[in-house]
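Construct the entire structure; sequences and hints are all you get.
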Amino acid sequence: MSGSEPQLDVQLEVNYYPGCTGRTTERSYVETALMVLRDLGVEAKLREDLPCCGTLEAELADISIQRGLVSIISREAGEVVTGCSGCYSNIIRGGGRARHLLEFLVREVGLDRIRARVKRRLGIRVAPYYGCQALRPATLAIDDPEDPRIFEDLLSAIGAQPVDFDMKSKCCGGPLSLRRPDAAREMAARVVDSAKRGGAQVVATMCNLCHFMLDFNTSSLPIVHFTQLMAYAFGHEYGELGFEESFNPLPKELLSGDGR
Amino acid sequence: MIAQEVKRISGQDVELCYQCGECVSSCQAAGIGGFNPMAMMHMVQLGMEEVVEGRVFETCLHCYLCSVRCPQGLSFPEVATALSNIWTRRHGPDRIERAFLSQIREKGFVNPVRVALAASGLPSAWMLGRGLRLAKHAFESGRVNPRLLQEVRRIVRE
Ligand code: SF4
Ligand code: SF4
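Protein sequence lines correspond, in order, to chains A and B. Be aware that the first sequence starts at 127, since it is given in the numbering used here, and climbs by one per residue. Be aware that the second sequence starts at 6, since it is given in the numbering used here, and climbs by one per residue.
By construction, these hints were calculated from the structure, which means they are not laboratory data. There's no promise every hint is true.
[What the hints assert, rightly or not] Not everything, but these chain B residues come out facing chain A in the computed CB check (under 10 Å):
1) LEU21
2) CYS25
3) GLY26
4) VAL29
5) SER30
6) GLN33
7) GLY38
8) LEU66
9) THR93
10) PRO98
11) ILE101
12) GLU102
13) ARG103
14) GLN108
15) GLY113
16) SER125
All C-beta atoms in this analysis are idealised placements derived from N, C-alpha and C, irrespective of residue type, glycine included.
Written out as structure tokens, the structure reads:
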């Protein structure tokens, strides 16, 4: 828990679990997550040596496969921090220990320490898209399962303006992307449409799969990993953050709105 | 008995469901291909075989929204998982589960591009257009520790 004073002397160490897409399509999420952790004085070890958590599909085939894979992760790393909500949920539901990156940053590192590190305020309207896997089931919820605030709090701390929208804690369609691609695409589109109606200039995600689903299947708003916004606010150059890897990159002009 | 089997796998006692409709009215997937969690709870109570064989359970997003709203504390996604496990025990992993499991067995990690190709067949619509830009990722094979990979192969057999 954060005190009222930034405690920059506290040294934290974590095992960072990238998630499978963190090694491929969502690499810039992992890279910016590590950047941000480092900036905040957290020593994060990237654990690419650990196997896949099994994903929902292993669980659907046989829950004992999920438990078995998670037991390897737990034995080798103990508690892991991950930015992938899918991995987060799978690891906890499979009997292991995990913390979601966003929750870790807000509650362990603390908003004061984050605010103290901000070099430029972003001044853009951001839709905080939570998705489902870090909010439900209730046993693993990082905040209220239906009306969370933690992502908004983080965005405000880095000088962005969070907007409210109907779909913020609904599903991106990811689990159906291969079984029912049309329905999945429609769900992803509904999320982005809802963010747009809420007045957002950009959608920020906090999950590997959510990011992929929104980015791959829609084209009306820029889609970013929340860590990319944090790293920019912390003073990293636009070109270092992998925005261009996205199908819907955040234009640099949007970021220079309220820079200081 | 399906209800007992579901309970054994998931701990969910479907007999507690009194058909209030909270789950289906919360559900983003309701109606897709006839998907209705409340009706499926009833089918499990009645021991209707088609609740397993029809595979309608696979439309569940596992978003767990119904689980935080059910007045009886039931969790439909866990029932869906149990039904899926029962189906797989009878028939072996379905096409998509197979695509994931074979990736995990091979490299210890899931390459999303390879999984999409394996699950939807070649040439898949998924790989056209924007998918082409993802093709470069098909060669990423991960860096899973070989000792752990051996262990993964004992868990994810055949
Ligand atoms: S919400 Fe619970 S009790 Fe109500 S119909 Fe659904 S499973 Fe049954
Ligand atoms: S977990 Fe499944 S049944 Fe429950 S609300 Fe989500 S999609 Fe519907």
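Cross-check of the supplied hints:
For LEU21(B), the shortest C-beta to C-beta distance to chain A is roughly 17 Å, which exceeds 10 Å, and the interface hint is violated. Interface restraint check: CYS25(B) against chain A, minimum CB-CB distance 18 Å, threshold 10 Å, status violated. Because the smallest distance between the Cβ of GLY26(B) and any Cβ of chain A comes to about 18 Å, over 10 Å, the interface hint for this residue is violated. Below 10 Å, beta-carbon pairs count as interface contacts, and VAL29(B) has none with chain A, the closest being about 15 Å; its hint is therefore violated.
Checking SER30(B) against chain A by beta carbon gives a least distance of about 14 Å; that is not within 10 Å, so the hint is violated. The restraint placing GLN33(B) at the interface with chain A holds, with a minimum CB-CB distance near 5 Å, inside the 10 Å limit. Contact between GLY38(B) and chain A, as hinted, is supported at the beta carbon level, the nearest pair being about 7 Å apart and thus within 10 Å. Given the 10 Å rule on beta carbons, the hint for LEU66(B) holds: about 5 Å separates it from the nearest Cβ of chain A.
For THR93(B), the suggested interface contact is upheld, since its CB lies about 5 Å from the closest CB of chain A, less than 10 Å. Look at PRO98(B): its Cβ gets to within about 5 Å of chain A, closer than 10 Å, so that hint holds up. For ILE101(B), the interface hint holds, since its Cβ comes within 10 Å of a Cβ in chain A; the closest pair sits about 5 Å apart. At its closest, the beta carbon of GLU102(B) sits 4 Å from a beta carbon of chain A; the interface hint therefore holds under the 10 Å criterion.
Because the beta carbon of ARG103(B) sits about 8 Å from the nearest beta carbon in chain A, less than 10 Å, this interface hint is met. Interface hint status for GLN108(B): upheld, as the beta-carbon distance to the closest one in chain A is roughly 8 Å, under 10 Å. For GLY113(B), the suggested interface contact is upheld, since its CB lies about 4 Å from the closest CB of chain A, less than 10 Å. The restraint placing SER125(B) at the interface with chain A holds, with a minimum CB-CB distance near 6 Å, inside the 10 Å limit.
When held up to the earlier numbered hints, the structure conflicts with 1, 2, 3, 4, 5 and fits the remainder.
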